[in-house]
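Peer 1: Single-letter residue listing:
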Amino acid sequence: MKQIVLALMLATASTAWAQKVGQPAPDFSVPDVQGKAVKLSDYKGKYVVLEWTNPECPYVRRHYNSGNMPTLQKELGAKDVVWLTVNSTNQSSSEFKSPQDMAKWMAEKGASPKATLIDKDSKVGKLYDARTTPHMYVIDPQGKLIYAGAIDDKRWATEASTKSANNHVRAAVGEAMAGKPVSVAATSPYGCTVKY
Amino acid sequence: MRLLLLFLFSASVFAAPVKTPQVEAELVAEREALVPGEPITLALRLKAIPKWHTYWRNPGDSGEPTRIEWRLPPGFAAGEIEWPVPERIPVGPLMNFGYYGEVLLLTRIVAPANLAPGTPVTLRAQANWLVCEVNCIPEEAELSLTLPVARSAGTDARWGKPIADARARVPVAAPGGWAFDARGEEGGASLAIAPPDGVALKGAFFLPFDEGKIEPAKPQALSRESGLLRLALPAAAQPVGPFDRVSGVLVLDGKAFTVDSPITARFADLGLAFALLLAFGGGLLLNLMPCVLPVLSIKALGFAQGEGGARHALLYSAGVLASFWALAALLIGLRAVGAQLGWGFQLQSPAAVAFLAALFLILALNLSGLFEFRFAFAGQPSGHFLSGVLAVVVASPCTAPFMGAALGYAVLESGWRAFLVFTALGLGMALPYAALAASPGWRRHLPKPGPWMPRLKRWLAVPLYATVLWLGWVFAQQVSFFHEKKDAAWEPYSAEKVASLAAAGKPVFVDFTAAWCVTCQVNERFVLARDDVMKAFHDKGVRLVRADWTRRDPEIAKALAALGRSGVPAYVLYRPGRAPELLPELLTPQRVLEALGG
Chain A
1 MKQIVLALML ATASTAWAQK VGQPAPDFSV PDVQGKAVKL SDYKGKYVVL EWTNPECPYV
61 RRHYNSGNMP TLQKELGAKD VVWLTVNSTN QSSSEFKSPQ DMAKWMAEKG ASPKATLIDK
121 DSKVGKLYDA RTTPHMYVID PQGKLIYAGA IDDKRWATEA STKSANNHVR AAVGEAMAGK
181 PVSVAATSPY GCTVKY
Chain V
1 MRLLLLFLFS ASVFAAPVKT PQVEAELVAE REALVPGEPI TLALRLKAIP KWHTYWRNPG
61 DSGEPTRIEW RLPPGFAAGE IEWPVPERIP VGPLMNFGYY GEVLLLTRIV APANLAPGTP
121 VTLRAQANWL VCEVNCIPEE AELSLTLPVA RSAGTDARWG KPIADARARV PVAAPGGWAF
181 DARGEEGGAS LAIAPPDGVA LKGAFFLPFD EGKIEPAKPQ ALSRESGLLR LALPAAAQPV
241 GPFDRVSGVL VLDGKAFTVD SPITARFADL GLAFALLLAF GGGLLLNLMP CVLPVLSIKA
301 LGFAQGEGGA RHALLYSAGV LASFWALAAL LIGLRAVGAQ LGWGFQLQSP AAVAFLAALF
361 LILALNLSGL FEFRFAFAGQ PSGHFLSGVL AVVVASPCTA PFMGAALGYA VLESGWRAFL
421 VFTALGLGMA LPYAALAASP GWRRHLPKPG PWMPRLKRWL AVPLYATVLW LGWVFAQQVS
481 FFHEKKDAAW EPYSAEKVAS LAAAGKPVFV DFTAAWCVTC QVNERFVLAR DDVMKAFHDK
541 GVRLVRADWT RRDPEIAKAL AALGRSGVPA YVLYRPGRAP ELLPELLTPQ RVLEALGG
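Protein chains in written order, with this note's numbering: chain A, 1 to 196; chain V, 1 to 598.
One should not assume that every hint holds.
Stated by the list, open to error - Negatives, chain A to chain V, calculated, CB over 10 angstroms:
| hint | residue |
| --- | --- |
| 1 | K46 |
| 2 | Y47 |
| 3 | P58 |
| 4 | A78 |
| 5 | Q100 |
| 6 | D101 |
| 7 | A107 |
| 8 | S112 |
| 9 | D129 |
| 10 | G149 |
| 11 | R170 |
To be verified - Examples of chain A residues toward chain V, derived with CB under 10 angstroms:
| hint | residue |
| --- | --- |
| 12 | G67 |
| 13 | R131 |
| 14 | G191 |
No lab work stands behind these hints, which were simulated from the structure alone.
As the structure is a prediction and not an experimental result, all values here were calculated from the model.
A virtual CB, placed ideally from N, CA and C, is assigned to each residue, including glycine.
Just chain A, with the same shape it has in the complex:
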C-alpha cells in the first residue's frame, strides 16, 4: 500500500515542472526585411525552424562564416521546411540592425531562410523566451514545439571544427520527419545574450 502511495506521489512530483517543448508554439506576426508581415500561422502544416540571430555575436558569425547555418538552411529548405531567421535585438540597442543592413548581411553570408524577421520591439523574442543568439526552435506541422535549445552540442568550437558537431536541429527534423520521437528535445542554448 505504501509503495503505491509513494509511486503516486513521485508521479505527481515529476509532472510538476511542465515542459515548454511539447506545447503548442505561440503565433506571432512580425515584419520581414521587406516590411511584409509574416505570421507563424501562415505556415501551419509545415515544419518550421525559428533561428534567433544577431550578426554582432561571435557565435552567430562562427556559424555563418563557416557556412554551417546557410548550409542547413538550404538543406532543410529543400525538404520544404520553413526557416525563419529572427533578429530580436531591440531598436534601442547599439547592436540593432536596420532591415536593409540585415538583408545585406544575410545575402553576403549566402543565407537562404524563407524570411528574415526584424523583431525591433523584441516581442517575439520574449514570447518564445529566447535567451541567446543563436537559439533554435523546431515546430512540427501540427504547430507543436518539438525542439528548443542550442544549434549543436559544441558550444566552444572554431569555424573549422563546427562542422563536426552534432546538429540538434538537423537531428530533430530528421527524426520527426521519419515519424520517430525526437531523442534530444531540449538543450541549454549557448551564445550571446539577446539584446532586449
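Since the structure of chain A is already known, use the hints to place chain V on it.
Peer 2: For chain V alone, coordinates are given in the frame of chain A:
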C-alpha cells in the same frame, strides 16, 4: 657558468602574461617552487577592463565558462578549476554569473615524486574565455609558467596572499551545525536552510551549478518558518533534463556554501490532495490505536442498548472536527508567533499530561464499575458533541500511520491548507463511529445486551489503566527530570553531532521520540531493542542517536521541520554519500533490516 645559470633560474619564476584589448591573462603560483610529490595551487589570472566580465562555471542565461586545457610534462596531474563565488550580472531581463575586474581561477597541480630538484619546469595551458560588455568576444591564450624545483618552497611573495584570498572565496560544504533540505514545490523546488544556534540570517540566494534546472533571472523568495529559512528556487522555463537535485552555491549574508541536496519525494513533497488522503487514512487508523479503541468500543456498546441515530452521528462528528480545528488553530497560532512546536505539543506540558491521566483514570474506574459517573450530558445533544471532543482528547497521545506525514505537511504549510488537512483527519477519525451510529442496519449485528457487558467493560478498562500508569510515568519524567536508566547504546541528540558524524563518513540512525508518544515506545521496545536489529546496527557500524522530545526542545523541533515532519516518531538513517532515508512511523524489524542492508 652553469652555477650562475642555475642561480638565475632558481631565483626567478618565468611567466608570460597575454594581453588582449579587454583582458590580461597569466598563470601565477602560490609558492615559489615546485616540490616533488606535493600539490601546488596555480591560478589563471584574468583581469578584464572596466565594465567587461568573464563567466562562472554556469554562465547563466548566456555566455561561456572559462576553460583551461593543461599541457603538463609527464607525471604531473591537474585538478578541476576551483571557482571563487561569482557575481550576479543582470543583462536586461536575463541573468549571467561571472566576474568583473580581476579573478583568480584556481587549480591544484601535483608534481610527481620523482621530479629532480634543480631543473626548472615549464607548465603550459591553453585558456579559452568569453569576455563581454554588451557585445561578446571569445578569446584564447597560450600561457606558460616556469617554476624551479626544490625540496621545499615558501609562499610566493607577490601571489601567495591573493591566491589564499581567492581560495577563501571558493565555496565549500557548510560546517556542522548547518542543515539543508530540498523539497519539490509547485513550479520548482525550495531549499530549507537551518543555521546553527545563534546565527541570524538576513538574506540568501542560490547559484546553480547546472544550466537548465533553476531559472537564473527569476527572484528567489525567502520565507521564514520557526527557526528555518526557506528559499524558493523557480524551475527553468525551458528545463533540460529532470530537476531532482539542488546543486550549487548558497550565498548567505556574505558567506557561501556548496549545497548538494537531492529533492527527495518525501511525504513533505505531497500536493494538498495527497496530504488530505493521508490525513483521512490516518484519522481512520487512529480509531484502532490503543488510546482510542477502548473508549470508542465502550461508546459503541451503547448502540446495543438502543442509542444512536443520525443526529448522534452528526453531533459526534462535529465534536471531533471542532476539537481538531481547535488544536490546529492553537498549533498554527503558536508557531506563527515563533514557538518551536510540532504535533504532540499538547503533551509536552506536564499539566496536560496530568489532566489526561486523571481523565483516563475516571474512565477506567467507570468501566470497572468502581466509580459510577453519571455523565450529566448523557443522551443529550451536547453529550454526543462532547463524546467527539473526548475521542480527540484521548487520541492525542497516539499517532497513526500516515498521520505524521500529513501533519508535517499541514504544519509546514499553515493557512487554509493546514485546516483542510486537519479537517480530513477529523473526518477520517469520526467516520467509523459515526457510520455505526447512523446506520441501524449495522447495529442490528451487535450482540444483544446481557451479562457479558459488564465483564467486557472490566476487560476494556485494563488498557485504560495501563494508559494511566504510562501517563503517570511520563509526568514523572517531565516534572522530576528523572530519566529511565540510560540506554548505553543511544547517544543524546544534537544537530552538531549528527553533522560531524556524517561528515566523518559514519552511518547514523536518529530516533526522534518522546515519552508521551505511544507509537514511539512501541517501536523502541518491540523493534529497535530487538537483538537482531541491534546486531545489524552494530555490524554496520551505525551510530545510534536518540532525540528525546518529551519536553519542548527547539533544536529537535527544527530538525523535524527540516525533515518535513512536525511530530514524533521519526526515524532517519544517514549514510555517507546517500540521501537521508526516512523510515515509516510504524516500524517493523524487516523494514529496519532492509534499510540497513541496502
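Peer 1: So, for every hint listed, does it hold in this structure?
Peer 2: To see whether the hints hold, each was checked on the structure:
no.: 1; hint: K46; in the structure: holds (23 angstroms)
no.: 2; hint: Y47; in the structure: holds (20 angstroms)
no.: 3; hint: P58; in the structure: violated (5 angstroms)
no.: 4; hint: A78; in the structure: holds (29 angstroms)
no.: 5; hint: Q100; in the structure: holds (21 angstroms)
no.: 6; hint: D101; in the structure: holds (16 angstroms)
no.: 7; hint: A107; in the structure: holds (23 angstroms)
no.: 8; hint: S112; in the structure: holds (26 angstroms)
no.: 9; hint: D129; in the structure: violated (5 angstroms)
no.: 10; hint: G149; in the structure: violated (7 angstroms)
no.: 11; hint: R170; in the structure: holds (19 angstroms)
no.: 12; hint: G67; in the structure: violated (19 angstroms)
no.: 13; hint: R131; in the structure: holds (4 angstroms)
no.: 14; hint: G191; in the structure: holds (6 angstroms)
The structure shown violates the earlier hints numbered 3, 9, 10, 12.
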